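Chains as they are written, first to last, in the numbering used here: chain H, 1 to 145; chain W, 1 to 457; chain P, 1 to 412.
There's no promise every hint is true.
What the hints assert, rightly or not - Using 25 angstroms as the maximum straight-line C-alpha spacing, the simulated BS3-like pairs for lysine-lysine come out as follows: (1) W:Lys12 / W:Lys59; (2) W:Lys17 / P:Lys193; (3) P:Lys403 / P:Lys308; (4) W:Lys131 / P:Lys403; (5) P:Lys182 / W:Lys84; (6) P:Lys360 / W:Lys133; (7) P:Lys193 / W:Lys131; (8) W:Lys133 / W:Lys244; (9) P:Lys182 / H:Lys18; (10) P:Lys356 / H:Lys98; (11) W:Lys352 / W:Lys275; (12) W:Lys32 / W:Lys84; (13) P:Lys356 / P:Lys403; (14) W:Lys352 / W:Lys434.
Claimed, not checked - Restraint-style ranges between C-beta atoms, simulated for each label pair: (15) W:Met117 / H:Ser2: 47 to 55 angstroms; (16) P:Lys123 / H:Glu14: 19 to 27 angstroms; (17) H:Lys24 / P:Lys123: 15 to 23 angstroms; (18) P:Lys364 / H:Lys98: 34 to 42 angstroms.
None of these hints come from the bench; they were simulated from the model. Computed from a predicted model, the values in this text were never measured in an experiment. Even for Gly, the Cβ is constructed at its ideal location relative to N, Cα and C.
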Amino acid sequence: MSFVFSKENLLRIETLKKRYPSPKALCLPCLWMAQHQEGYISIDAIDTISEEIGIAPMEIYGVVTFYTMFHLEPQDKLNVQVCKTLSCKLCGSDEILKHLEGKDVKISHVECLGSCGTAPVMQIDDVYYEELNPEKVDEILKSLR
Amino acid sequence: MSEEIDIVIDSKTYHAKEGSLLIDLLIKEKIKVPYFCYHESLGPDGNCRMCMVEIEGQKRPQIACDTFIEPNMEVRSTGKTIEKVRTDILELELINHPVDCPTCDQAGECSLQEYYMDYGLHEAKVSISDKVKHKKHVDLGSNVILDQERCVLCARCTRFTDKITHTHELGIIGRGDDARVSTMPGRKLDNPYAMNVVDLCPVGALTSKDFRFVQRVWFLQTVNSICHGCAKGCNIFIDHNRVKYQDDVIYRFRPRRNDEVNGFFICDEGRLSYKALQENRQETALLQGKEIREEEAIQEAQTLIQKYKDNISVVIDANLYSEEIEAILRFAKKINASVHSPLDVYIEESFKDDMLRSAHRAANYKTIEALHIDTHEPKSSGLLINFNHPQNFNAAAHIDFLTHQRDVPSLVFPIADYTENSGTLTNEDGILQKCEKAISRNLPIPTVIEILLKVKV
Amino acid sequence: MRECKIVSRKFDIPGSHTLEVSKAHGGYRTLAKMDEYSPLEIIEIIRESKLRGKGGGGSPASAKWTLMPQENDKNGKSDKPSFLAVNCDESEPGTFKDRQIISKDPHLLIEGILITCYAIKAKHAYIYIRGEYKQFQDILQFAIDEAYEDGLLDHCDITVHRGAGAYICGEKSALLESMEGKRGHPRLKPKHKEPEWFFDNPILVNNVETIASVPFIIQNGADAYKAYGTEHSPGTLLFAMSGHVNNPGVYEAEYGTSMMAYINHFGGGIRNAKKLKAVIPGGASTDVLTAQEAECATLDYETLRSMKSALGTGGMIVMDEDTCMVTVLKNLLEFYHEESCGQCTPCREGTGWTDKLVGKILDKRGTKEDIEKLLEIADTMNGKTICVFAPAVATVIKSFVSKFRDEFEVAV
Ligand SMILES: Cc1cc2nc3c(=O)[nH]c(=O)nc-3n(C[C@H](O)[C@H](O)[C@H](O)COP(=O)(O)O)c2cc1C
Ligand code: SF4
Ligand code: SF4
Ligand code: SF4
Ligand code: FES
Ligand code: FES
Chain H
1 MSFVFSKENL LRIETLKKRY PSPKALCLPC LWMAQHQEGY ISIDAIDTIS EEIGIAPMEI
61 YGVVTFYTMF HLEPQDKLNV QVCKTLSCKL CGSDEILKHL EGKDVKISHV ECLGSCGTAP
121 VMQIDDVYYE ELNPEKVDEI LKSLR
Chain W
1 MSEEIDIVID SKTYHAKEGS LLIDLLIKEK IKVPYFCYHE SLGPDGNCRM CMVEIEGQKR
61 PQIACDTFIE PNMEVRSTGK TIEKVRTDIL ELELINHPVD CPTCDQAGEC SLQEYYMDYG
121 LHEAKVSISD KVKHKKHVDL GSNVILDQER CVLCARCTRF TDKITHTHEL GIIGRGDDAR
181 VSTMPGRKLD NPYAMNVVDL CPVGALTSKD FRFVQRVWFL QTVNSICHGC AKGCNIFIDH
241 NRVKYQDDVI YRFRPRRNDE VNGFFICDEG RLSYKALQEN RQETALLQGK EIREEEAIQE
301 AQTLIQKYKD NISVVIDANL YSEEIEAILR FAKKINASVH SPLDVYIEES FKDDMLRSAH
361 RAANYKTIEA LHIDTHEPKS SGLLINFNHP QNFNAAAHID FLTHQRDVPS LVFPIADYTE
421 NSGTLTNEDG ILQKCEKAIS RNLPIPTVIE ILLKVKV
Chain P
1 MRECKIVSRK FDIPGSHTLE VSKAHGGYRT LAKMDEYSPL EIIEIIRESK LRGKGGGGSP
61 ASAKWTLMPQ ENDKNGKSDK PSFLAVNCDE SEPGTFKDRQ IISKDPHLLI EGILITCYAI
121 KAKHAYIYIR GEYKQFQDIL QFAIDEAYED GLLDHCDITV HRGAGAYICG EKSALLESME
181 GKRGHPRLKP KHKEPEWFFD NPILVNNVET IASVPFIIQN GADAYKAYGT EHSPGTLLFA
241 MSGHVNNPGV YEAEYGTSMM AYINHFGGGI RNAKKLKAVI PGGASTDVLT AQEAECATLD
301 YETLRSMKSA LGTGGMIVMD EDTCMVTVLK NLLEFYHEES CGQCTPCREG TGWTDKLVGK
361 ILDKRGTKED IEKLLEIADT MNGKTICVFA PAVATVIKSF VSKFRDEFEV AV
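The shape of chain H in the complex, shown without the other chains:
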């Protein structure tokens, strides 16, 4: 097994284990840690987590594919997640999506980000960018380069 949790993460895992009635509850927390550590979730990481929390690898794999925020492959491009749900759509998400076309980024269409009052919205990594317009998008992308 070539995936090993960092010392810091191992410590967090030990602490978290005391906070739940079963180590199985650490499934999502461990997946997050693995994804942060490696940038994606590898099969090796799944095996390591399986040993750590007592859920079979296949079940964890099923979990990973259930949620939209986990990646099974390394992400090489900036992942621009544009909300395409109703409030954003009403407020111009189509224009944002069109504006992004052809740029050197991965464009993901995501569902409502819970930011409808400041539509249109996009998320890059863990950060929300709200009340977008094409110029603002350009500035944001420039600042992230």
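Starting from the known structure of chain H, fit chains W and P with the ligands onto it as the hints suggest.
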């Protein structure tokens, strides 16, 4: 809770345990209710939503697999409302289904096919060009092939590897209508019971590589039998067919439910044992490797028995039927032979597991023990008569009764194997079980008993 | 319109998310009440206040609290600790209120959690937060760390549990499955009233805002809460507004407020001086209202129910006269198609099929039969599934097609 109470289904009264599952009663009483996800061995999951019934006092139809029987319960399993509900759900089930029955192995034993015929959906009412596309041929391992497009996501197969074998190879990945059954990337379905998922799958999504396209199920005849792979004595169906002018052929073994013995399942090794059974059969009598007629062989046997009088040992295979063993005992007494059935040779500890498989790989060793047959090897003797016991023993002369060819330079009688004969076995838990005769050969091979009756001593 | 700031009282104070500011403005004062009242008395006050769940369902909070075992040493439950799960999955389109609480006044939530745990005899609370809310989670976690440091959490732990992108995990049993490390599939509903279960331990699931409303009620009494709102919908809600309004956002108001008054007062009316066409009253899963209906609507459970819609999460999506309702329905169906957990046949297949059908209609490839088929599928999706996701989709489809049928027919 477990009191027997009355419940009314479609105006008829039935008895059932309070708190038991309604669907179990419906299945037991053969009251028609379509279902995919429920299975008695796996319990309810409630995902297919097909097993709808109406329950007096409830606003909406309820699923029978999640309904517990209560006093004064009144159930309707037929009628306009419920049939409409089922038709509608079935129609949704079919949207993304390829409906390629003509090329599907499951045709003839597919629940989906059966139900949509029942509910009159065979005219492709469902026309939507962009069906969700999935993989049509995924080799899961252990002889099992998955067609993701035919899958109805009932989760029976995944629950089998989760709850029954605890090996967790299968799971559902993705979500919504992108959900599908899969193994981990690069890993296989790999456990000694894997092929049971083929029987569990209610549709043709999981098929056996072993059986794929070999035979259409409606041509097959089915006979009740017992697997001879080990002393567990799992109950099986033998599916066989005789094509004109050719020999009767076994196409597969399938598990036959017996709650006392094997429940719903059998192991893969037992399931596939039908193949070796049909290979290298001993079909004619031999003398020193040369074919002879049966009468000549009997003549020869009588001479040998006469010659070695009082110096004869008989060895019995612990897989023979009890009736055969008893006939051999009577015969041995007549010729004053010592009788043995060494059992050590059958023991294979690595075969044993905590599900079904027994370390004793002999179907009827309990009968050998019950009849107090000597389980030691015979002392070297003049004549050794071996009734299909797997070991060879030293002796001046040999007579071998064999189901399958073996390299022995002796007098050989061919005998019928267990699928060509009927009889009784006692399994390792002391349960008496019967096997029916499945195979009738064009040139029948005699049974042990038939031969012994002809030998005059 | 009467000002009523129960949950949002501290929102506008600079630094409101810190313990210092919170305490300076009355934060954690209610904890003293725990010496005054027994757990059962707390539940009684909540019962009297008629506090209703603010996660969308609107079920009385006390009814669920009462299901939690109080007698920890009798009835054989002694070895099973009780837990609280605070639902901060907030993924219902049009809803962005819980986010305001955890980022603007997280200590109010912590205070509410402490009282609730005291009442239901739980020693540990989890906050299940949608994965996308990481930046707000950090603010919340900062507040929790402060509270630990201050000794506020000496007798009751709080752990934040991060989701990973799945709308359905807001449904309480799916949330618990997700916390147990499984796929977020809603569970079959129990036949009799009982608590939810977390690894076989009783657990109470409440929405963030429900819990954040508790301190006010305990501090000021049930009557003070009931002074706001209507008889059956007492108190306030962090209503939200998005879409074609001038000032979208979250504004606390009492139940029973007129919808149009709210939209005009807080939202500054429809954008670009357009006319109103329709309002989705409480998150995408509530039935759409026409402009005429919106004129008569008041923001409470009874009225919206009587209009065959629902108050839901109180997140209104406002649409002006230029909006194409077929496009809107298509957009919503894409959401449901994407978010169905996929266990139940009617939902798994129905969300996909209806999405494709409306797509066809939108592309002008549809027929009259397609509209009928759409309604038929909606029927099949209604009332036959494990959770209410599919039924919600069904009524949404029906409301759009029945109220804006002409637009669908023009499109075919
Ligand atoms: C599909 C679906 C999604 C839901 N999403 C949420 C959610 O994001 N947040 C929430 O608090 N409740 C949500 N709920 C309601 C919860 O199931 C549950 O009723 C609620 O959290 C209970 O809290 P309350 O009584 O305080 O409202 C959802 C329900 C369904 C059926
Ligand atoms: S493969 Fe068969 S058993 Fe497995 S989920 Fe699909 S239909 Fe069910
Ligand atoms: S467990 Fe034994 S009897 Fe059963 S199928 Fe396998 S080999 Fe045959
Ligand atoms: S109704 Fe839909 S979301 Fe709910 S359990 Fe069934 S498939 Fe999942
Ligand atoms: S619709 Fe885009 S954030 Fe809600
Ligand atoms: S058998 Fe009852 S829902 Fe599938």
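Handout entry: lysine 17 of chain W paired with lysine 193 of chain P [C-alpha distance capped at 25 angstroms]
Key = Holds: lysine 17 of chain W and lysine 193 of chain P sit about 23 angstroms apart, inside 25 angstroms.
Problem - Proposed proximity, lysine 403 of chain P with lysine 131 of chain W (alpha carbon, max 25 angstroms) - result: 30 angstroms, violated
Exercise for the section: Compare the distance between the alpha carbons of lysine 182 of chain P and lysine 84 of chain W with 25 angstroms, and conclude whether the hinted pair is satisfied. Expected result: Violated, at about 34 angstroms.
Problem - Hint consistency between lysine 352 of chain W and lysine 275 of chain W [alpha-carbon to alpha-carbon, up to 25 angstroms] - result: The hint holds at about 22 angstroms.
Practice task
Given the hint that lysine 352 of chain W pairs with lysine 434 of chain W, test it: the Cα-Cα distance must not exceed 25 angstroms.
Solution key: 23 angstroms, holds
Problem - Satisfaction of hint between lysine 18 of chain H and lysine 182 of chain P, Cα-Cα up to 25 angstroms - result: Satisfied, since the Cα-Cα distance of roughly 19 angstroms is no more than 25 angstroms.
Practice task
Given the hint of 34 to 42 angstroms, check if lysine 364 of chain P and lysine 98 of chain H actually sit that far apart at their C-beta atoms.
Solution key: 22 angstroms, violated
Handout entry: Hint consistency between lysine 356 of chain P and lysine 98 of chain H [alpha-carbon to alpha-carbon, up to 25 angstroms]
Key = 23 angstroms, holds
Handout entry: C-beta pair methionine 117 of chain W, serine 2 of chain H: status relative to the range 47 to 55 angstroms that was hinted
Key = 53 angstroms, holds
Practice task
Look at the Cβ atoms of lysine 24 of chain H and lysine 123 of chain P and judge whether their distance stays inside 15 to 23 angstroms.
Solution key: 20 angstroms, holds
Practice task
Please work out if lysine 356 of chain P and lysine 403 of chain P have their alpha carbons no farther apart than 25 angstroms.
Solution key: Within the cut-off at roughly 21 angstroms; holds.
Exercise for the section: Please work out if lysine 12 of chain W and lysine 59 of chain W have their alpha carbons no farther apart than 25 angstroms. Expected result: Holds. Lysine 12 of chain W to lysine 59 of chain W sits at ~22 angstroms (cutoff 25 angstroms).
When the structure is compared with the earlier hints, violations turn up for hints 4, 5, 7, 8, 18 and for no others.
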